[in-house]
Amino acid sequence: AVIDMENMDDTSGSSFEDMGEMHQRMKEEEEEEAEGEAGAGEEEDGEFLGMKGLRGQLGRQVADQMWQVGKRQASRAFSLYANIDILRPYFDVEPVQVRARLLESMIPVKMINFPQKIAGELYGPLMLVFTLVAILLHGMKTSDTIIREGTLMGTAIGTCFGYWLGVSSFMYFLAYLCNAQITMVQMLSLLGYGLFGHCITLFVTYNIHFHSLFYIFWLVVGGLSTLRMVAVLVSRTVGHTQRLILCGTLAALHMLFLLYLHFAYHKVVEGILDTLEGPNMPPFQRVARDIPVVSNAVLNTTAKAIALTL
Amino acid sequence: FPGLADVSIPQDIPVEGEITVPVGSHSPDEDYSTLDEPVKDTIMRDLKAVGKKFVHVMYPRKSSALLRDWDLWGPLVLCVSLALMLQGGSADSKDDGGPQFAEVFVIIWFGAVVITLNSKLLGGTISFFQSLCVLGYCVLPLTVAMLVCRLVLLAGMGTISFIIRLIVVGAMFAWSTLASTAFLADSQPPNRKALVVYPIFLFYFVISWMILTFTPQ
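Chains as they are written, first to last, in the working numbering: chain A, 1 to 310; chain B, 1 to 217.
One chain only, chain A, in its complex shape (with noise of 0.2 Å):
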């Protein structure tokens, strides 16, 4: 059975121009009639209202179209735009494939010269945001961050998130400007998977507190991500300068967002040199010691021991 489908289109009565010249109809009637009423001068007053019934009439039908036509054309674009499955081939991944991918974001690729494979998978990235947001927040927590003008997780989720979205677009934007070959998505997904180093030196050095431990892992942890990241970019550009603008502007913001994530959120080394020195020295003034100070307080406390145990 043949079916002929060519004349099934539904855009009978669904578009603007059937719409305006069926409008357009109705008031050359209108006009036509009100021509005819004022020509008629003194008419009756029934003919007169009947005239006058049916142009309202006619008014509220084209009213009523014009409605009917938007509300279709409104649900349409709905279904089209809002719809959720539009991200849906984006979370189509398996659990080996993330585990394999996390890993993978720690390992420089060495082969530069042709351009490398970067899944553009937007569940691993999304993962790794919230779980940096749920670090954030324990950081916070621990050292007591006081945040004025706002919340806790309002801060955490802003930072984190905009740090993914804002720093992607710009990244995108400088990508467009040196003819790199990478999509939106792609990018998303490489910033995110580069999350995840940052997201093992916050959860060792927030329960560990030595700066120097945090600038190892600073420098290698981060420093390998930011190398996979860089190695991928550069082997999808051309030019030397082109290169070194994209691979630097993203080592520099990806190092230093690990920096600023350290040091803005956690004040807990800070307040235990503050315990130290009593409550009157200003917390950063640690070149100049008032050893007096110092040594009358420890004086003070070991004369109180001497005095308990004896």
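For the record, the hints were derived by calculation from the structure and aren't laboratory data. Mixed in with the good hints there might be a few duds.
20 Å max Cα-Cα, derived DMTMM-like pairs, lysine to aspartate or glutamate [stated by the list, open to error]:
#1 Lys120/B / Glu94/A
#2 Lys120/B / Asp85/A
#3 Lys71/A / Glu18/B
#4 Lys120/B / Asp92/A
#5 Lys193/B / Asp92/A
#6 Lys71/A / Glu16/B
#7 Lys193/B / Glu94/A
Chain B is faced by these chain A residues, among others (derived, beta-carbon under 8 Å) [claimed, not checked]:
#8 Ile86
#9 Arg88
#10 Phe91
#11 Ala119
#12 Tyr123
#13 Val129
#14 Phe130
#15 Thr131
#16 Ala134
#17 Leu137
#18 His138
#19 Lys141
#20 Leu213
This structure is a prediction, so every number in the text was calculated from the model and none was measured. Yeah, the Cβ is synthetic: ideal placement off N, Cα and C, and Gly gets one too.
Chain A is fixed; fit chain B onto it per the hints.
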């Protein structure tokens, strides 16, 4: 089929109409009774439904009652009570007390919405509100943990109280995660369960962290 070759729908006549068969209207008695019944009956019916779901959460079995008749009363009550109990936490300035309520509210609902979207995008067969319902009801063990923590904190703050609170919150967190996994993971393709469980784990971890670090002032 020569006769069908020239069948086509003319362009200037819009095709419209209804293909649904009108169902026979309800007998007047039924409409009358649910609208005119005493308010106590309506409330008790809803309360019983909510209570039954609480029992399902505390003893998670593979039953579909939680999923079939979803409602959001239970999650709302739990969310509000948890947010109220978390208020008045440690703060040096007065303006930190206010956002705590909004924070908890937003975290729970926004987190539940994100997890639902994630499970739908991964190919889940559960509907939006069913998932919200399950995630909201599974906050019940953590609310119980919050109550216990507040009682323990009344006794005093020290290492022992911290250890007790840690154990209680940890156990309730595990219970919440397991309960919600029991309901939600069945609607996923079998090899992707881990991908759905991880955000649920993070979600309840954040709530547990808020409960554990609560210190009254």
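Now the hints, each set against the structure:
As the CA atoms of Lys120/B and Glu94/A are separated by approximately 15 Å, the hinted pair is consistent with the 20 Å bound. Of the pairs offered as hints, the one joining Lys120/B and Asp85/A holds, with about 9 Å between alpha carbons and a cut-off of 20 Å not exceeded. For a cut-off of 20 Å, the pair hint linking Lys71/A to Glu18/B stands: about 18 Å separates their Cα positions. A C-alpha spacing of about 11 Å is found between Lys120/B and Asp92/A, which places the hinted pair at or below 20 Å, so the restraint holds.
A hinted pair counts as satisfied when its Cα atoms are at most 20 Å apart, and Lys193/B with Asp92/A qualifies at roughly 13 Å. The straight-line distance between the Cα atoms of Lys71/A and Glu16/B is roughly 15 Å, inside the 20 Å bound, and the hint therefore holds. Our distance criterion of 20 Å between C-alpha atoms is met by Lys193/B and Glu94/A, whose separation comes to about 10 Å. Using the Cβ-Cβ criterion of 8 Å, the hint placing Ile86/A at the interface with chain B is not satisfied: the shortest such distance is roughly 10 Å.
For Arg88/A, the suggested interface contact is upheld, since its CB lies about 6 Å from the closest CB of chain B, less than 8 Å. A hinted interface residue such as Phe91/A counts as satisfied when its beta carbon comes closer than 8 Å to some beta carbon of chain B; here the least separation is about 4 Å, so the hint holds. The closest approach between the C-beta of Ala119/A and any C-beta of chain B is roughly 15 Å, which is over the 8 Å cut-off, so the hint fails. About 7 Å separates the beta-carbon of Tyr123/A from the nearest beta-carbon of chain B, less than 8 Å, and the hint is met.
Restraint check, Val129/A versus chain B: the minimum CB separation of about 11 Å is more than 8 Å; hint violated. At about 6 Å, the closest approach between the beta carbon of Phe130/A and any beta carbon in chain B falls short of 8 Å, and the interface hint on this residue holds. The criterion of a C-beta within 8 Å of any C-beta in chain B is met by Thr131/A, whose closest approach is roughly 7 Å, and the hint holds. For Ala134/A, the suggested interface contact is upheld, since its CB lies about 5 Å from the closest CB of chain B, less than 8 Å.
Here the hint on Leu137/A is kept, as its CB sits about 7 Å from the closest CB of chain B, short of 8 Å. The beta carbon of His138/A comes within 6 Å of a beta carbon in chain B, closer than 8 Å, and the hint placing it at the interface holds. Look at Lys141/A: its Cβ gets to within about 5 Å of chain B, closer than 8 Å, so that hint holds up. A hinted interface residue such as Leu213/A counts as satisfied when its beta carbon comes closer than 8 Å to some beta carbon of chain B; here the least separation is about 23 Å, so the hint is violated.
Hint violations for this structure: numbers 8, 11, 13, 20, all remaining hints satisfied.
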